[in-house]
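So the protein sequences, as listed, match chains A and B. Read in order, the letters of the first sequence are residues 1 to 167 in my numbering. Read in order, the letters of the second sequence are residues 1 to 187 in my numbering.
Derived from the structure by calculation, the hints contain no laboratory data. Hints may be right or wrong, so weigh each one.
As the list claims (entries may be wrong) - The calculated SDA-like cross-link candidates involving lysine to any residue, where the alpha carbons are at most 25 Å apart (straight line), are:
| no. | chain 1 | residue 1 | chain 2 | residue 2 |
| --- | --- | --- | --- | --- |
| 1 | B | K26 | A | L5 |
| 2 | B | K162 | A | D92 |
| 3 | B | K65 | A | K134 |
| 4 | B | K33 | A | N112 |
| 5 | B | K33 | A | P17 |
| 6 | B | K58 | B | G136 |
| 7 | B | K26 | A | T50 |
| 8 | B | K14 | A | A21 |
| 9 | B | K162 | A | S137 |
| 10 | B | K49 | B | E91 |
| 11 | A | K47 | B | D122 |
| 12 | B | K47 | A | H65 |
| 13 | B | K47 | A | E79 |
| 14 | A | K134 | A | R34 |
| 15 | B | K65 | B | D140 |
| 16 | B | K47 | B | A153 |
| 17 | B | K58 | A | E55 |
| 18 | A | K4 | A | F163 |
| 19 | B | K26 | B | K162 |
| 20 | B | K58 | A | S137 |
| 21 | B | K26 | A | S137 |
| 22 | B | K49 | B | D87 |
| 23 | B | K26 | A | L162 |
| 24 | A | K47 | B | F75 |
| 25 | B | K49 | B | V185 |
| 26 | B | K162 | B | F15 |
| 27 | B | K26 | A | L41 |
| 28 | A | K47 | B | K47 |
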Amino acid sequence: MNGKLVFWAQALDNASPDHIAFQGEDVSPNDEVRRQQAVSLVSSVVKGGTPVFVEDGFQLTEDGHRFVVEVPSGERDREGRIAPIVCCGEYDATVNEALSAHVAAGIGNFANSIGRTTHAKHLEMTLKAFAALKKKSSTRRLRRTIGIAGLIFGLLAALYALFAGVS
Amino acid sequence: MLGARGVGKTHLIKFLSSGTIPAEYKQTVAPEKASARRFALKDLDLKIKETLDVAGGKAAYAEWKELHDRSDVIFYLLRADRLIANDSQVESRVRDDLRHIGEWLEARSPRPPFFIIGTHCDLDSTFSTLSPDRVGDYVDRFRQLPIISELVAYGGGAQAAKVVLGSMESIQNTEALVYEIFRQVIS
């Protein structure tokens with residue numbers, strides 16, 4: 001699993017710079033390049049991906065081995081709107097409990113660092129969402145394995161027919 | 001649909017893509033896809049393409065540009081009530097936004113239609129007491145605000161950058177604003 005996660009939340013006053021943490025570090029409001037990189041990364045996953053889990057304001061979107069999780073925080077902005085926290089990351093091969101625990105803990109830590117709270121149910125939902133992602137990822141892997149096995153079988157059958165015809 | 005945070009982008013996109021307005025509002029942090037839709041509004045037959053609801057923070061400028069570069073019509077939303085109240089923070093933000101958008105518009109050929117849409121007019125006490133025949137005067141006075149003249153100049157001048165004002169505090173008002181915007185798009 002790639003442990004590098006991007007966290008992003010808008011300020012509650014809708015005027016101060018967004019809160020962004022990229023690869024474990026807070027990105028300064030003056031670091032426009034890294035801020036736009038972080039935002040573009042999140043956007044590319046959402047634009048190319050599909051939602052795997054949507055429930056009660058919580059959403060997990062997947063694009064290949066990249067994901068975006070959106071969790072409503074306990075606070076509302078100045079306009080009374082729900083203020084979500086977004087986490088974006090990547091995994092190397094498989095989705096496992098360690099990944100979901102890492103993301104859940106990361107969201108909690110980021111929320112604390114910017115003075116926000118998260119509901120316990122949303123952290124539980126992170127685990128549930130990654131279970132759905134794991135299921136989807138396993139199904140996709142199984143389909144790929146069956147496809148490759150079918151291709152090999154077809155190839156062997158063609159070779160057998162060819163050699164049987166020659167002899 | 002571009003604009004700073006809390007100006008009504010999500011509200012307008014939701015109306016255009018579904019005919020409804022959000023039951024509950026949330027900040028748009030990660031972008032959200034909005035589906036295409038065709039619908040009739042009075043005498044207008046509107047074909048809305050799929051679009052993206054993007055965040056309003058300055059960190060999303062790269063996303064704004066990408067969206068701008070592939071859009072047929074550019075709408076820039078701003079809080080009209082705050083500009084009428086001389087909110088310097090809002091003025092500074094819209095000035096920064098229009099500097100960027102002005103450059104992007106300049107780089108496109110042909111230049112796409114560009115609209116500055118002032119929202120939240122219901123929060124301005126003058127607007128809420130206006131009779132329908134006085135709305136034109138209100139819009140003219142708004143256009144004469146120094147900050148709006150400046151924004152229109154960034155947008156390519158009065159012929160290229162149209163200004164539309166309204167409120168989206170109800171679905172009826174949203175419908176009226178959308179009608180006015182698209183009436184000007186086709187005019």
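When the structure is checked against the list of hints, which entries are broken? Sort them ascending. Numbers 2, 3, 4, 6, 8, 9, 10, 11, 12, 13, 14, 15, 16, 17, 18, 19, 20, 21, 22 and 23 - these are the hints that the structure violates, sorted from lowest upward.
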